[in-house]
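Below are the chains, spelled out letter by letter.
Protein chains: 2
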Amino acid sequence: MPVEAVRWAEGELVIIDQTLLPTEYREIRLATLESVWEAIRVLRVRGAPAIGVCAAFGVLVGVREKRPTSAPDAVRAVEETVNYLATSRPTAVNLFWALERMKKVAEGLAADGSLKDFWHRLEAEAIEICEDDKRRCRAIGDHGAGLIQDGNGVLTHCNAGALATAGSGTALAVMFRAKELGKQFCVFADETRPLLQGARLTAWELMQAGIDVTLICDNTAAQVMREGKVQLVVVGADRIAANGDTANKIGTYSVAVLAKAHGVPFYVAAPYSTVDATLPDGAGIPIERRSAHEVTHGFGRQTAPDNVNVYSPAFDVTPAEFIAGIITEKGVLRPPFAKSLAAHA
Amino acid sequence: MPVEAVRWAEGELVIIDQTLLPTEYREIRLATLESVWEAIRVLRVRGAPAIGVCAAFGVLVGVREKRPTSAPDAVRAVEETVNYLATSRPTAVNLFWALERMKKVAEGLAADGSLKDFWHRLEAEAIEICEDDKRRCRAIGDHGAGLIQDGNGVLTHCNAGALATAGSGTALAVMFRAKELGKQFCVFADETRPLLQGARLTAWELMQAGIDVTLICDNTAAQVMREGKVQLVVVGADRIAANGDTANKIGTYSVAVLAKAHGVPFYVAAPYSTVDATLPDGAGIPIERRSAHEVTHGFGRQTAPDNVNVYSPAFDVTPAEFIAGIITEKGVLRPPFAKSLAAHA
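Those protein sequences? They're chains A and B, same order as listed.
Residue 2 is where the first sequence starts when you use our numbering, and the numbers rise one by one after that.
Residue 2 is where the second sequence starts when you use our numbering, and the numbers rise one by one after that.
If you're looking for bench data, these hints aren't it; they were derived computationally from the structure.
Values in this document were obtained by computation on a predicted structure and should not be read as measured data.
Be aware that one or more of the hints could be misleading.
Short derived list, chain A residues pointing at chain B, Cβ under 8 Å [claimed, not checked]:
| hint | residue |
| --- | --- |
| 1 | V258 |
| 2 | G299 |
| 3 | S313 |
Using C-beta positions, here's what the derived DEER-type ranges look like [said to hold, decoys possible]:
| hint | chain 1 | residue 1 | chain 2 | residue 2 | range |
| --- | --- | --- | --- | --- | --- |
| 4 | A | N308 | B | F300 | 18 to 24 Å |
| 5 | B | A278 | A | Q150 | 40 to 46 Å |
| 6 | A | E129 | B | D307 | 33 to 39 Å |
Glycine included, each C-beta is placed from N, C-alpha and C at the ideal position.
Let's have the full structure, built from the sequences with the hints guiding it.
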């Protein structure tokens, strides 16, 4: 039901060009290695899992382009392709992880086997990376959908949707699954300043899936809660510490505090791989600052004075005590998270 | 120290053209009645008190233009001018109030006196309307400045500044006065979606006055509070019910809830005339909805899907229990507001 951000269609890598959303929906075929690199670089494909899957298929595109004539030749082609694609987004963990997986498969195949067999094994690995992601999204949706009741209003922040994964997303997977199950509910999407992922992507995805969505400015979430229109909050996560403290897009902590004040349960949806057991709590998560320009010139027009000071952290950390549950592919984990997260390690 | 949104300079009406802010500062002379009407209409001058003062001076401009040759002639000129200016912003209460005051003065003068005397009395009335507003702003600043201590961070929302009045504003008057008194403090200005009055106007005004201001997205207020950078919140008000419930720009209630959760006192600054004693509480204040277009096309570019549902209330109501004090020209009123507001009626 949700859109497919990235897919392998009979030997062709096809993505939704997210730079055109929400005003234009266009699928594009990435037929050359250069076009894959560019698509990742300029965010035609975005969201850590979607980037990883796109890169895995990108390795296939790159190897095919180099026309290797032997298995050892093909291994070199994989290595060159992997090294090249790794330069597209220097800090994307899933990108490196997926490329590493592709490289390992190639190296394991170097010594023996035919070129045809090499290709099939390489393609199978990329498809497995993609299917893995889809299964994880589906499982998150399955576990989380039970939290949504008929008549509920669900509030979300930023975009933790199908557009960020190869599957149905994380927070939005819960809503897609609830919709499949025939539940009647509506969603309030925070527009999510400064980059408006909620307005541009979440609202669009939910509309595509026929889910009743209402866009609000971030500062309106409290009012919507006060009006009794929100029964639960579901958001994604960038990183989860061992005690459950959760880093996510700036504004998530604000929503969590407002939810608590209005007696609304606040859920995080994320694959278990988001848990960083090396961090005892959220204090160790550095708060990256983003450019003032995104706030002062966000949409093609200057909307603040020249040289104004801007404080624009990329994300914030929601303390575990604000979180009612963490929806993972392993189930909905409940507080105390130090215990429930450790139990699934 | 603050900028002057509207002033009468030796017989000339001069305003800051706010449609050019924050990228250009330009004072313009409104030499014709038509230009006064247009300036109010297209928001070159905005903010209820500033509009009222501009209209009062606009009556002088209109009468002068009509070149009356007798006192009764001049009364007719006032009436025509008043009727015309009243059509510039159909729902602006201060506009009608100021025009009515000018008309009453003219009518009182109709029967007797010279034309020169007529003009002087009319001009004196407009100047008095302006000075009244300045005094009120100054008194709010005097009463509120004591709330700011050296080293404090002050958070504000929207624009309750000099640009909205003939004087130093309401919430911002407190900061201008604290600055005059030599206090060391900084301000966090919420950008205030959808129309960005915080980014466009508040940040600009405070920078003009040399006050240390940092612009934040609305969803970042909670994080700034969590970092311990905010010691008090001061905002303006559109309407205050008899029990202290306060209607103000959308997002104000969100700030109030967040402030309470972080132990930060939340103050409202407003002239006493903002109190509507006919309303027992905030439940009676209708929540006007604004156009979806402001949210989806707010920055000169479409940033949300076609036909998306949008919920965009113009303001919200902060219940009295979130308010530590109401800073008026009569002093800082404290809870219970039903009592303190009534005592100053």
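Each hint tested on the structure:
no.: 1; hint: V258; in the structure: holds (5 Å)
no.: 2; hint: G299; in the structure: holds (6 Å)
no.: 3; hint: S313; in the structure: holds (7 Å)
no.: 4; hint: A:N308 to B:F300: 18 to 24 Å; in the structure: holds (20 Å)
no.: 5; hint: B:A278 to A:Q150: 40 to 46 Å; in the structure: holds (43 Å)
no.: 6; hint: A:E129 to B:D307: 33 to 39 Å; in the structure: holds (38 Å)
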